[in-house]
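Residue numbers (the numbering used here), protein chains in the order written: chain W, 1 to 310; chain R, 311 to 713; chain Y, 714 to 990.
Any given hint could be a false lead.
What the hints assert, rightly or not - Computed list of lysine-lysine pairs in DSBU-like fashion (alpha-carbon distance at most 35 Å, straight line): (1) Y:816 / W:297; (2) Y:816 / R:380; (3) R:380 / Y:763; (4) R:381 / R:415; (5) R:462 / R:520; (6) R:462 / R:380; (7) Y:815 / W:226; (8) W:67 / W:256; (9) R:381 / Y:815; (10) R:415 / R:380; (11) R:478 / R:381; (12) W:226 / W:297; (13) W:226 / Y:816; (14) R:317 / R:381; (15) R:478 / R:317; (16) W:297 / Y:815; (17) R:520 / Y:763; (18) R:520 / R:381; (19) R:462 / R:381; (20) R:415 / Y:763; (21) R:381 / Y:816; (22) R:478 / R:462; (23) R:317 / Y:815; (24) Y:815 / R:520.
It should be emphasised that the hints constitute simulated quantities derived from the structure, not laboratory data.
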Amino acid sequence: MTLTETRVDQPAPQPAEVTDRARHERRLGLTLSAPAFIVMVFVTAYPLVYAVVLSLYNYRLTDPAGKSFVGFGNYATVLTDPVWWSDFATTLVITVVSVAVELVLGFGFAFVMYRVLAGRSLVRTGILIPYGIITVASAFIWRYAFQLDSGFVNQWLGLGDFNWFGQRWSSLFVIILSEIWKTTPFISLLLLAGLVQIPEELQEAARVDGATAAQRLRRVTLPNMKAAIMVALLFRTLDAWRIFDNPFVMTAGANKTETLSFLAYRQNVTLVNLGAGSAISVLLFLTVVVIAFIFVKGFRTDLSQVRGDR
Amino acid sequence: MAEITMKNIVKRYGDGFQAVNDVSLDIADGEFMILVGPSGCGKSTLLRMIVGLEDITSGDMMIGGVRVNKKAPRDRNLAMVFQNYALYPHLTVFENIAFPLRLRKAPESEVRQRVNEAAEMLELTEHLGRRPANLSGGQRQRVAMGRAIVRKADAFLFDEPLSNLDAKLRGQMRTEIARMQRRLGTTTVYVTHDQTEAMTLGDRIAVLRKGVLQQVGSAHQLYEEPANLFVAGFIGSPPMNFVPGRIADGRIETPFGTVAPTSERITRIGDRDLVILGFRPEYFEDYSLVPAGARTRGHTFTVDVDVTEWLGNELYAYVPYEAPEEVTRQLGELERELDSEQMRTQLVVALDPASRIRSGTKAELWFDPERMHVFDAATGDNLTRDPDRTFDDDNVHAGVRTE
Amino acid sequence: MVGQRASRWWTTGGLLILVWALFPLLWMVSLSFKDPNTFRSQTPTFFPSKWVWTNYQTVFSDALFTSALRNSIGISLIATLLSVVIAMFAAYAIARMDYPGKKFLLSMALAIAMFPQAALVGPLFNMWRSLGIYDTWIGLIIPDLTFALPLSIWTMSAFFRQIPWEMEQAAQVDGATAWQAFRRVIVPLAAPGVFTTAILTFFFCWNEFLLAISLTSTNRARTVPAALSFFTGASQFQSPITAIMAASVVVTIPVVLLVLAFQRRIMAGLTAGAVKG
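Please model the entire structure based on the sequences and the hints provided.
This is the structure in structure tokens:
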């Protein structure tokens, strides 16, 4: 037995011997991830690179012979076109309004689901139905509810023959309404999960300390839900930014209700204008990167927080 | 059956953290070895390196004379009981115990026989058809042990197996583990942070601190002849009292007066000024209760008793005292390492319950200076330690086992 | 008592949520039972004046819808199955193993979860044409399963992480190889999580619209969401509105059934991994 109170200077760190276990684990890990990796590269990484390349060409499928290299010409065209900026504004309005409303509404829902005793599972089941329903169906439901010759909304609200789809802002209102109806459940369930994590003791302690309900919400509940709120916001913001189904079905982009995803679709698929379309695709991708970056800057989720034992 | 030999084992994590530092330890065939230390001392890491769940940075791990550093856990033929038992919730108790045999594709008749044997030994027979979720804590613990037993493994490894049980059950299971180990005679390594478990269970105890082995020995050796301040403070409850002392002219100045140890001890202490003195709480006596013959042999002093605690079989008295700042600082550091939170310098004194000493009074206490430990103030080494001292009890457990 | 009054408040809130969630469904059902020839009016009502089955007959006699239903079911189920299997392997590796490239795989999955699919329809459209899988089942299954992968991996690795790490370690010490530990201990334990992930993935594939209209051109592979947007009704002179609602009701039924049967699981799956304790 040696009593090693004096610290011996350690030799420079040498790589640990690779044991059978570690080698086996490494090989198995790579094997298990390979299918997911290959599929993701094939369907996203490769097409994205392909889009970047195409975006540098003037290329229409209707005129393959006219393919020519134009450098950043397509980007210049897109960014100077008012359509891009109009669609950008539309997307921004839809995103900001729907996410803001959903956050408030989702909070309300989360609190109710947390506190309600009678019919708790009924409420939780009910709220999942909008989540699971097809977006296209939701779009039709709301479109027909507001449409002049079929909808009940104008009758119930006494609006006579006001045409909701006749101008930009009222059209956007209906689009946002459908979006909110369909996706608030998701945000409220994420918030509920955050709410459940806060120990009831904290609320009780705050109550004993003399906090009012509003103070408990602001000083105890909200700070402890920060992670849940940020996750919900990140997911929903990026999701809303990519909105396509609702405007496609409800207005087909009329009255300046076209979104960026819609524009990318229209250029690439409808007009088969692959050069400019690809430039739009790349720009759309970049906007998403910027949004994600803004979120990740102030808040980190590391999915790789593995090995909880050390 | 196998002996386990560790030579200069080091574990360094990717971030440079050194969890285990140059540990060498021999565990004899059939021996019950305890690894003990405060949380973060590297004891669990060391155990996991034995079983192969943690890679070894450097050094040699030998089991039964074979180097196993690079062997996968399944090739080491060891059995382990985890802190949370790691019972498979989707399998019945029978299948949980049978699991290692199933993996080995053992014939059905053998599986049945061995599982039933183990179940009988652990009194689990009537629970074999149940699922782990329906078992009590103690039963789960026994199932985990059953899984270890059927392996006929070379060694058993326990990772704080009792820490999730309540105090009463813990005592019972402790006895049960000791009984099982003695019956099977299998080499066992047992990790715990609980010094009571450490003292009662093992043949020998290895004390770890920050990845460094401090002392290996029987419970008696650790208690009576601790190698340093850390071991002295870790083993024993209530812990050993540490007070500052000064050496002058072959005498030791303590906060309670000056004592003169025998010349043999003073030689061992050597030439130094400041030391730390260690007193176990039971080294002190109420002077009025000390037999007349012993009174002259010891040192008597008067103190203010702050608080007393009467426990029926014992009486604890708390005695505050003043200490120089540098000593306070070092002792404070030691307290932190030992996961304790003593905030003031005070003596804890264990007295005869018949003593009349009460809170807030003056009391006359007595101690025998020959039992006092003297530690180097800088290194913490025990200067008065007799490493060769043996204790009658040391071989009793081993003797039982060899039968 | 204060508690009772508060509880009544929360019950009212719960009722409002239910109304909010189910009222549009009621509207959908109501509209689907209106007479396609006469339901249009200057002053439309909420409920039909006369309840008729005509729209359901129209829908089920239209090849566009019936083939779309077949395509939707087939494509969603296959894509779900493949995605869940592939994701199960990847999620397990991510949750429990240490190997080079893990971080990269994770970042890629995360990136794809945030990816604007619309940015890919152009290149995919082109690639699929040259590969000859444009307007085929496989041509939709591949992108569907890919875009579902991040969700599946995310959800499942959260489930895997809930399984105590000790389980595999115990299995390894008991003599299991990593593969045996995975198959005999982890897969049975993870089964509920895998099943939950499958439901969520199915919802995702069932809902997919953009790729379905971009990568198909005929009834061969067009799914229900795509077909709905192309639906023109029984005849050119009849409004398709009521028939579209009938079709919507039909495709909402599986969703409602799954939600009713597995409400708890879906909730757990949606929130798994989103918030760390």
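(request) Please write out, lowest number first, the hints stated earlier that are contradicted by the structure. (result) When the structure is compared with the hints, numbers 3, 11, 15, 17, 20 turn out to be violated.
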